[in-house]
Amino acid sequence: MKLKLVAVAFAGLALITGCAANETTPPASDGPETSAASNQLSGALAGGGASSQTAAQEAWRAGFQALHGQVTINYDPTGSGTGRTNFADGGYLFAGSDAPFSVADAQGDFAACAAGSDLVEIPAYISPIAVAFNLDGITSLDFDAATVAAIFSGAITTWNDPAIAALNPGASLPDSAITPVHRSDKSGTTENFTDYLSQAAAASWTWPAAEEWPAELTGEAAEKTQGVRQTLSTTVGAIGYLDASQAGELGTARIQVGDDFVAISAAAAAAAVGQSQLEAGRAATDVVVKLDRVPTSGQVYPVVLISYLVACQQYADAAAGELVRAFFEYVVSPAGQAAAASNAGSAPLTEDATLEPLVTAAVAAIG
Amino acid sequence: MTAEDRRRPPAPPADPRPISALGRGDGPEGEHGAEAGQSRPDQGLSSERTLGLEQVLSLEQALGPELPSLGRWPQTGPSPAPGAGRWAETTARRLVTGAGGLIVAVLASVALFLLAQGWPALGAGAGQLPAGATDFWSLAWPLAFGSIWASALALLLAAPLATAIALFTVHYLPRRWRPLLSTAIDLLAAVPSVIYGLWGLMVFAPLVAHLYPWLNAQLGWLPFFAGRPSATGRTILTAALVLAVMIVPIIAAVAREVMAQTPVGSIEAAVALGATRWETARLAVLPWSRSGIVAGSMLGLGRALGETMAVAMVLSPTPFWVSLRLLESTNPNTVSAFIAQTFPEAHGLQVNSLIALGLILFALTFVVNALARRVARPRTVRERPGGGLGRRRPALAGASLGSGR
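Protein chains in written order, with the working numbering: chain A, 1 to 367; chain B, 368 to 772.
Isolated chain B, as found in the complex:
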């Protein structure tokens, strides 16, 4: 027993400190890592696993997972002074609880409003609906298709580009240039959509219109590029391209933050094995940030689904139109653009039907967000190279966070 006791103290140095200290020099992950290390002094895990776990935990925090309940925090923090300190503590707790409750209440009231006001439109007949529709679903489903189709196209175009931008920023660009590019990307994300709409309508659409006849001639055998190409360029492909430009900065920003948290140990391990820069990215950075990229893409998809102004300004829509063709003048409209275009002159049941369309959009974005949450909280994370490829790690979400405390 005594011999064992004496042998124990030297054990901690095998703990992650030296290795993770390497990683802490590098931006925000250091803070997260330190925080996680502080609050989890009782970890009895192997060095590799602990390092990975810490990083995953910080990733979880970056992506906004469930935080532990507020009530537990005072135990680890400095104990509050009696009197004023306790008062501040309760006030703060009430305020933040109120804020949390408020957002749930707002969400619930929006959902209730959409349901209550949209409900009467579901039974509306001919003459009561906008665009001369005969029943609600014949109006709604082409619009829902248009929303999904345009957003999916935008995502297909934006996700690879944004990933490449993020990888370049984090992995290829010299460190001192990083803030510059990051700021530029963040600025792009802040441009109002009406600006993108104007630019798309007046500059971009006439520009790509010159490209469409060529695409049509080369790829016309594909159903997507068949038909008569639009001379104005105001097609669903243009709308999707403008949407893609709008969501690239969002995806790139999230992907960049996640990639920046790739464990330096993983990268060094890859480099030590003789990996080139691209191989390092492929073996260490991309597997690590996969869930972050997907989560960012879902955020972008959510914005693309709800985007109104840019689509309304760029697209040439036709009601009740469903087609996979990308280059024609006749295109399906999107839900949000249709609502915005029709609402100013709507009256009676038409207003209710527009609200019901809003409900459909709400449900769509809700599904996308739910998917994003699922993906952002992976059941398994691939081990980094050398750490036992293919080994599966148990879920790291709230459950393990809670059990650690």
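Bound-form chain A, shown alone:
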């Protein structure tokens, strides 16, 4: 049993260092440090928060524990708000959150952190949100933001509406009713989707970005990503938004950017983050992206969800800091991002040349 574990750990390690060696940019200190620490790290690391990260966190836990068999990682998908609260109260050593702490809150006190410590926030999980639909024989449709907003606000009710037909001259659209499906629970997916609509279709979408679907808008509601997926796949004529990795056999929309229509891809999602600006007024370790939802050109898919990992720059308990740093280093490493990409369909952070060094530096500063 023990022998087996050690063998797995070595195999995993060989894989990691092998991968890292192929990369051109990793910091020189990264490889040897990981291998040196691998036999010493032990303990339990409790975190929790955004449920959007659940699949990625599972991949990260499995990958990390293969490297460090003595470390136990628990990620409790309680939701972003609870995750931030518990992190601030010291219940979690790290948190996952679809929304970062506000600039003011980020300067507050956190129970697990050393006095005067900065906050570390890294966009660890970047995932495109699919606008998916169920129509017989149609796998792709082109939409602009105004049309998507009109469908989800109930202004457009049939598939052969002139607005949709104008964008899709070749498609044979049925005259059936559209059933828009939204999330009934609080969700980072809803927040990012409504954020996109409120920025890109400001004229027709008057509701602010929020984790809960606007209460004035009625219509079909389903619980969690799986509920949306289930409803979409059993209902012809339904349209909804969900994590791209869950879209499966459903038809997906190409979103208009400038004059082009951009299909979902990890690269296009990463590009949306890469083109965005960092939010000003934050510490160097507090890497918060201000997503630009209205790019004007390029292969950029603007309906993207960013989920952050939150930690202290300096922990009151040094051993905890070491654990968190090792875990975060794995998460942002090529291997960690690749594991999340294959398990959760996220866009690897490593594809973004501007963000990646910032994130790596922020993680290295954890102590």
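Note that these hints are calculated values from the structure, not bench results. Beta carbons: idealized from backbone N, C-alpha and C, even for Gly. Wrong hints could be hidden among the right ones.
Going by beta-carbon spacing under 8 Å, a handful of chain A positions derived as facing chain B [as the list claims (entries may be wrong)]:
id	residue
1	G79
2	P174
3	A177
4	E223
5	T231
Not everything, but these chain A residues come out facing chain B in the computed CB check (under 7 Å) [stated by the list, open to error]:
id	residue
6	T82
7	T85
8	K186
9	A215
10	T218
11	A221
12	S233
13	T234
14	T235
15	G237
16	A266
Based on the hints, put chain B in the right spot on chain A.
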């Protein structure tokens, strides 16, 4: 005096024995009847009344009325042997008293917990409540409406069906097939609600979704069926139908037990008058079991009110929504489903407000149970045919039980 004494002994044969013996051949009622006969040797009532009374008493026992206080039992049973027997007697009494006290304590602690933890939420303002509510009552009342509306619909659908099932089992089905159907019904009652939820979501809702446009076209002039029918079928009517499927076995099981205790004398009397099978059911079985059916329905209603998983999985809810329309995508949520869906991500006062919602649900089910108790213990029971229709019988509850001893 002597002449009278001599004339008395032959009187008992006019007592119920021969008639009630007919009834005792038939399942559980025999035991109850015998028990009641044994413990009540001093009854000085007419044969018809005694028979009816015994049956009602056994009905009372089946439905769990107040039992006489435990202290009285040793007087009628075999006297306990000194020493070990007495010890067993006291131990048993303490154990069962403890069990009885425990359930009261648990109930009280749940009520206290709900009150203490829910109280702060009543004054909560905007930003502190789930679903972006501005005050507690604007959140609570649509949910309470949803719970009551869905459960009432379910009961409306389930009660007639369950009564028909019970009547069929007891009155129409050949005796040897009865255990089979009874077992099937009892099995249905044991299916976990999450299974019903999955079935409702994946099979039933898409199925009935095909029916809703037709209902809408035919009955759209009724406010209930107006609006735009849902394409997914995840409406409050579907939820109510799934709830109905869940509570049918409960109502049917209770109704079946009560119907099985219909006095054979009543049935025979009806048959002797030339009643057909349906007329017998209408004249003898249904009047007899009315209170049992109602009590079973209230039990079912209680389950429907508290049901969480099936509703949470099937229904497409919208917060703050109150509507009587049955076929639309936009539906009111229920209290229990809302609590289950919101709790995992709730924090601070939101948790308190969910507990306060729990308190409302608790109160609702309490009211339903209280109603069920009232109905299950009728003030008057209709006489069976031939026994003087319209004559009213005094209350038969604990009071008369106690006075009989």
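Verification of the hints:
1. Hint status for A:G79: holds, given a least beta-carbon distance of 3 Å to chain B, under 8 Å.
2. Hint status for A:P174: violated, given a least beta-carbon distance of 12 Å to chain B, over 8 Å.
3. Interface restraint check for A:A177: the shortest CB-CB distance to chain B comes to about 6 Å, inside 8 Å, so the restraint holds.
4. With a cut of 8 Å, the hint placing A:E223 at the interface with chain B holds, because the nearest CB-to-CB distance is about 6 Å.
5. Because the beta carbon of A:T231 sits about 5 Å from the nearest beta carbon in chain B, less than 8 Å, this interface hint is met.
6. Because the beta carbon of A:T82 sits about 5 Å from the nearest beta carbon in chain B, less than 7 Å, this interface hint is met.
7. Interface restraint check for A:T85: the shortest CB-CB distance to chain B comes to about 5 Å, inside 7 Å, so the restraint holds.
8. Checking A:K186 against chain B by beta carbon gives a least distance of about 5 Å; that is within 7 Å, so the hint holds.
9. Residue-level restraint check for A:A215 holds (minimum Cβ-Cβ distance to chain B is 5 Å; threshold 7 Å).
10. Because the beta carbon of A:T218 sits about 4 Å from the nearest beta carbon in chain B, less than 7 Å, this interface hint is met.
11. Given hint, A:A221 at the interface with chain B, holds; its Cβ is 5 Å from that chain's nearest Cβ, closer than 7 Å.
12. A distance limit of 7 Å between C-beta atoms decides the matter here; for A:S233 the minimum to chain B is near 10 Å, and the interface restraint is violated.
13. A distance limit of 7 Å between C-beta atoms decides the matter here; for A:T234 the minimum to chain B is near 5 Å, and the interface restraint holds.
14. The interface hint given for A:T235 is met, as the beta carbon of that residue sits about 5 Å from the closest beta carbon of chain B, less than 7 Å.
15. At about 6 Å, the closest approach between the beta carbon of A:G237 and any beta carbon in chain B falls short of 7 Å, and the interface hint on this residue holds.
16. Look at A:A266: its Cβ only gets to about 28 Å from chain B, farther than 7 Å, so that hint breaks.
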